[in-house]
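Asker: Sequence:
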Amino acid sequence: MVLYTSPFPNSFLSVLHSFSWGLIFPCYWLADRLVASFVPTTYEKRQRADDPCYFHALCIIITTPIYLALLVASLPFALIGFLLWSPLQSARRPYIYSRLEDKSHANGAALLTEWKAAGTGKSFCFGSANVCLLPDSLARFNNVFNTQARAKEIGRRIRNGASRPQIKIYIDSPTNTSISAASFSSLVSPQGGDNTNRTVSVGMKRTTSMEYKGDNSGSNNTEDAREDKAGVGEPNEEENSCIVRINGEENGLMSDAEADTVNGQPNASSLAEQAPDGDAENSKTPNHKQKEGDSGSLDSYTASRESLVKVRIGDGTVDQSTVNNKLLYKASIMKKTSVRKKKHTDETFDHEISAFFPANLDFLCLQEVFDKRAAEKLKEQLHHYFEYIVYDVGVYSCHGCCSFKFVNSGLLFASRYPVMDAAYHCYPNGRGTDSLASKGALFLKVQVGSTPQDQRIVGYISCTHLQALAGDTTVRCEQLDMLQDWLSEFRKSTSSSSTANPEELVAFDVICGDLNFDNCSSEDKLEQQHSLFTHYKDPCRIGPGEDKPWAIGTLLDPEGLYDEEVCTPDNLQKALESEEGRKGYLVYPTSKNHSSSQKGRKASLKGNGRRIDYMLYTEEGLYLEWKVEVEEFSFITQLAGLTDHLPVAMRLMVSTGEDDS
Numbered sequence: 008m009v010l011y012t013s014p015f016p017n018s019f020l021s022v023l024h025s026f027s028w029g030l031i032f033p034c035y036w037l038a039d040r041l042v043a044s045f046v047p048t049t050y051e052k053r054q055r056a057d058d059p060c061y062f063h064a065l066c067i068i069i070t071t072p073i074y075l076a077l078l079v080a081s082l083p084f085a086l087i088g089f090l091l092w093s094p095l096q097s098a099r100r101p102y103i104y105s106r107l108e109d110k111s112h113a114n115g116a117a118l119l120t121e122w123k124a125a126g127t128g129k130s131f132c133f134g135s136a137n138v139c140l141l142p143d144s145l146a147r148f149n150n151v152f153n154t155q156a157r158a159k160e161i162g163r164r165i166r167n168g169a170s171r172p173q174i175k176i177y178i179d180s181p182t183n184t185s186i187s188a189a190s191f192s193s194l195v196s197p198q199g200g201d202n203t204n205r206t207v208s209v210g211m212k213r214t215t216s217m218e219y220k221g222d223n224s225g226s227n228n229t230e231d232a233r234e235d236k237a238g239v240g241e242p243n244e245e246e247n248s249c250i251v252r253i254n255g256e257e258n259g260l261m262s263d264a265e266a267d268t269v270n271g272q273p274n275a276s277s278l279a280e281q282a283p284d285g286d287a288e289n290s291k292t293p294n295h296k297q298k299e300g301d302s303g304s305l306d307s308y309t310a311s312r313e314s315l316v317k318v319r320i321g322d323g324t325v326d327q328s329t330v331n332n333k334l335l336y337k338a339s340i341m342k343k344t345s346v347r348k349k350k351h352t353d354e355t356f357d358h359e360i361s362a363f364f365p366a367n368l369d370f371l372c373l374q375e376v377f378d379k380r381a382a383e384k385l386k387e388q389l390h391h392y393f394e395y396i397v398y399d400v401g402v403y404s405c406h407g408c409c410s411f412k413f414v415n416s417g418l419l420f421a422s423r424y425p426v427m428d429a430a431y432h433c434y435p436n437g438r439g440t441d442s443l444a445s446k447g448a449l450f451l452k453v454q455v456g457s458t459p460q461d462q463r464i465v466g467y468i469s470c471t472h473l474q475a476l477a478g479d480t481t482v483r484c485e486q487l488d489m490l491q492d493w494l495s496e497f498r499k500s501t502s503s504s505s506t507a508n509p510e511e512l513v514a515f516d517v518i519c520g521d522l523n524f525d526n527c528s529s530e531d532k533l534e535q536q537h538s539l540f541t542h543y544k545d546p547c548r549i550g551p552g553e554d555k556p557w558a559i560g561t562l563l564d565p566e567g568l569y570d571e572e573v574c575t576p577d578n579l580q581k582a583l584e585s586e587e588g589r590k591g592y593l594v595y596p597t598s599k600n601h602s603s604s605q606k607g608r609k610a611s612l613k614g615n616g617r618r619i620d621y622m623l624y625t626e627e628g629l630y631l632e633w634k635v636e637v638e639e640f641s642f643i644t645q646l647a648g649l650t651d652h653l654p655v656a657m658r659l660m661v662s663t664g665e666d667d668s
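For the sequence shown, this note's numbering gives the first residue as 8, with consecutive numbering after it.
It should be emphasised that the hints constitute simulated quantities derived from the structure, not laboratory data. Mixed in with the good hints, there may be bad ones.
Derived DSS-like pairs: lysine-lysine, alpha-carbon spacing no greater than 30 angstroms straight-line [stated by the list, open to error]:
no.: 1; residue 1: K499; residue 2: K555
no.: 2; residue 1: K590; residue 2: K532
no.: 3; residue 1: K499; residue 2: K123
no.: 4; residue 1: K634; residue 2: K544
no.: 5; residue 1: K555; residue 2: K590
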């Protein structure tokens, strides 16, 4: 299958499209700014409340007539542009595939080496997030603003979190029973392709988190950074991860000075004093303003003080000097962290609330990347880590769907592995305002390695966004039916294997996206019982209507996005670790039996908020001799203040059952 690298089949149509959009854009921009000026966010309302001179109101009075006059003047040009733009959409391709040619700007892609299916197996990490990148006037209805600046900052934070070095620390501690305080993703380096862990026992007073200096450009900008990397050596996928085991018994405690000595470097506070000021661009909006503890920002020099690593006992030993060298790779002891203890001992994998995207994030599925200019800014940032990106997915005008589409599907896919095939389908049954967007499903086939016998190792990933309006359960169920049918067709059409002569080995099949229903609401019973969940597993789900106790909601209460308690990744992580914080800042399932205030409903309903962002995987249709298991699952707070959804991440282990020899 040919991957489309441009939106039109020839340059003439591309130029004509650019010309038509140039005629439309002034009218579009003026209308967007005009509406945005009358839809303030809660942050802006608070600022205006402190303005005794009513300066903003005066600005609106002055600018509104100007906007209106310019808007009227631009309408004739916009009409001519629309008459050219609309028929061109019949020739437009359903997506744009972008591959980074200059790999010197990629932090993540350059670290990959081809997996040869050697050893006991390999893990793959998947992430999904709804980033609410609508035109600014529409985004404000979700209480977020400055779409262009948010797009750039979202990309910076994602690639910053995913490209940090990985150092895992396993903690034996009997003290904490919170849902999760830790981050397997807060301590990060290139993950070994074949999982061979090394462990050293250390007694410490505090658990540790890593300090990482963000790379603003995707490459080394300073001599110190170059020397640092030169001293450590270039990491690669075959490198074993470093694991430090920390005992929690009181008789094994160390002083802070001793803890610093163990890691061969000074306390983080001394390093923080030497850190340069952050990029001035980050202070454009409150969403990007660097605050104390805002470790999710690219220019934050301190990893989450509340981010820990998972609790598990590692086996084996390692030379202490080796561990120290590993820890020196942009890591240091932090002053304060919270201890994580796996509360549910019957769970087979680690789960947490993390202030960072996971290390070595392999695949990323985003929803609501509707604004095309924002998509370009986001793509530019993500290309510092992901080599392959599929964006501007969807159809426009009346082409391919029943109703007129003003915006695309909002889907974006980024990968560190090459994309072999891609296909997009538009849901034809959208209703209401959702019918104005070409919501649908994006299907991708990626190559993650090859066997010594030259058999390709591939994986399938599906990214989707379902009908959003409440009460449209029938529509969503129909869309889930179509999703399964389209995925089955895509796998058949792209498979080059036969049972007798398999040319490809399928390692995983994952579905990511915003499904717009949760597993606890009484109004979503039809979706909860859909046949999709008989073929695909949800790591957070026990059964229809019941989530696992550690699972939390992914839909934030828009009114509280700028509260100090949740406006940074660290603060949001702290808030969601407590039941009171979840009730205050998450949207909870609705119930027909409760008509009281929102707080009353939250107190009486089960669950920990509306979990509408899903990551599903299946064991069906994979290579029979391999086994797929969830290794880690996390709810991520790194985009605090930038979107009204919590990103989620899942790490799958593909076990081959072979020995290292």
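Asker: Would you check the hint for K499 and K555, treating anything up to 30 angstroms between C-alpha atoms as holding?
Answerer: violated (34 angstroms)
Asker: Between the alpha carbons of K499 and K123, is the straight-line distance 30 angstroms or under?
Answerer: holds (25 angstroms)
Asker: Would the pair K590 and K532 pass a check requiring their Cα atoms to be no farther apart than 30 angstroms?
Answerer: holds (23 angstroms)
Asker: Is K634 within 30 angstroms of K544, Cα to Cα?
Answerer: holds (14 angstroms)
Asker: Verify the proposed pairing of K555 with K590, using a straight-line Cα cut of 30 angstroms.
Answerer: OK: K555 and K590 at ~17 angstroms, within 30 angstroms.
Violated hint: 1 only; the structure is consistent with all others.
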